[in-house]
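These protein sequences, in sequence, are chains A and B. Following our numbering, the numbering of the first sequence begins with 1 at its first residue and continues without gaps. Following our numbering, the numbering of the second sequence begins with 1 at its first residue and continues without gaps.
Since the hints were made in silico from the structure, they are not lab data. Please note that the accuracy of each hint is not assured.
Cross-link-like lysine to any residue pairs, in silico, SDA-like; alpha carbons within 25 Å at most [stated by the list, open to error]:
1. A/9 - B/39
2. B/11 - A/42
3. A/9 - B/62
4. A/100 - B/20
5. A/100 - B/29
6. B/62 - A/3
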Amino acid sequence: AQRVTQPEKLLSVFKGAPVELKCNYSYSGSPELFWYVQYSRQRLQLLLRHISRESIKGFTADLNKGETSFHLKKPFAQEEDSAMYYCALSGAAGGTSYGKLTFGQGTILTVHP
Amino acid sequence: EAGVVQSPRYKIIEKKQPVAFWCNPISGHNTLYWYRQNLGQGPELLIRYENEEAVDDSQLPKDRFSAERLKGVDSTLKIQPAELGDSAVYLCASSRIAGLTTYEQYFGPGTRLTVT
Numbered sequence: 001a002q003r004v005t006q007p008e009k010l011l012s013v014f015k016g017a018p019v020e021l022k023c024n025y026s027y028s029g030s031p032e033l034f035w036y037v038q039y040s041r042q043r044l045q046l047l048l049r050h051i052s053r054e055s056i057k058g059f060t061a062d063l064n065k066g067e068t069s070f071h072l073k074k075p076f077a078q079e080e081d082s083a084m085y086y087c088a089l090s091g092a093a094g095g096t097s098y099g100k101l102t103f104g105q106g107t108i109l110t111v112h113p
Numbered sequence: 001e002a003g004v005v006q007s008p009r010y011k012i013i014e015k016k017q018p019v020a021f022w023c024n025p026i027s028g029h030n031t032l033y034w035y036r037q038n039l040g041q042g043p044e045l046l047i048r049y050e051n052e053e054a055v056d057d058s059q060l061p062k063d064r065f066s067a068e069r070l071k072g073v074d075s076t077l078k079i080q081p082a083e084l085g086d087s088a089v090y091l092c093a094s095s096r097i098a099g100l101t102t103y104e105q106y107f108g109p110g111t112r113l114t115v116t
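Produce the complete structure using the sequences and hints provided.
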């Protein structure tokens with residue numbers, strides 16, 4: 001079974017401070033990992049996926065297969081980063097769970113001025 | 001481009017009543033998903049369609065939930081009869097799948113269901 005765990009429901013930082021949102025997963029095989037974000041009164045939207053290896057809005061996330069983690073990081077948080085962040089997992093291409101997203105419970109990030 | 005459209009946005013019903021949600025995916029997206037999001041939780045997949053075929057409905061409570069995607073475009077999710085525990089936000093999402101590549105899932109605004 002695939003599972004995603006986000007240990008922190010709430011995370012508060014001050015503007016300019018580094019931020020790390022933790023995500024751990026359980027999956028037998030090679031998964032695809034994603035971070036989704038939901039800003040206040042907006043739709044859930046993709047922030048980044050590990051296969052793209054991009055930095056979006058200053059955020060990066062590295063897949064650590066040894067620790068089964070996909071933590072989201074940003075060196076200098078901004079007030080506009082305040083949102084709900086969900087880590088999600090999909091099975092590898094060709095598998096039965098490919099394209100099926102399993103979400104964590106989410107972390108509410110608040111960036112104070 | 002127009003995003004995923006869902007209606008209604010809010011629905012309040014009494015338990016044991018039926019309810020239906022409608023979703024119109026992004027044009028050209030062949031894959032459609034219905035998720036349920038309980039308060040304080042992440043979305044959970046209920047059913048996934050590729051064109052008009054339900055390829056994964058293992059999480060759909062089939063005793064009271066049903067879904068259809070006629071002509072492989074719009075989709076309707078129905079609950080009959082509704083129970084108090086069905087109160088949640090129901091999200092629709094769509095994406096393209098080409099070969100072994102699944103592209104980004106785009107989510108609709110959701111329908112917030114309250115069962116009293």
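Evaluation of the provided hints:
Using a Cα cut-off of 25 Å, the hinted pair residue 9 of chain A and residue 39 of chain B holds, with the two alpha carbons roughly 13 Å apart. Taken as a hint, the residue 11 of chain B and residue 42 of chain A pair is honoured in the structure, with Cα atoms around 19 Å apart against an allowance of 25 Å. A distance of roughly 32 Å separates the Cα atoms of residue 9 of chain A and residue 62 of chain B; the hinted pair therefore is violated under the 25 Å criterion. At roughly 23 Å between alpha-carbon atoms, residue 100 of chain A and residue 20 of chain B fall within 25 Å of each other, so this suggested pair holds.
A hinted pair counts as satisfied when its Cα atoms are at most 25 Å apart, and residue 100 of chain A with residue 29 of chain B qualifies at roughly 15 Å. Distance check on the hinted pair: residue 62 of chain B and residue 3 of chain A sit about 23 Å apart at the alpha-carbon level, within 25 Å; holds.
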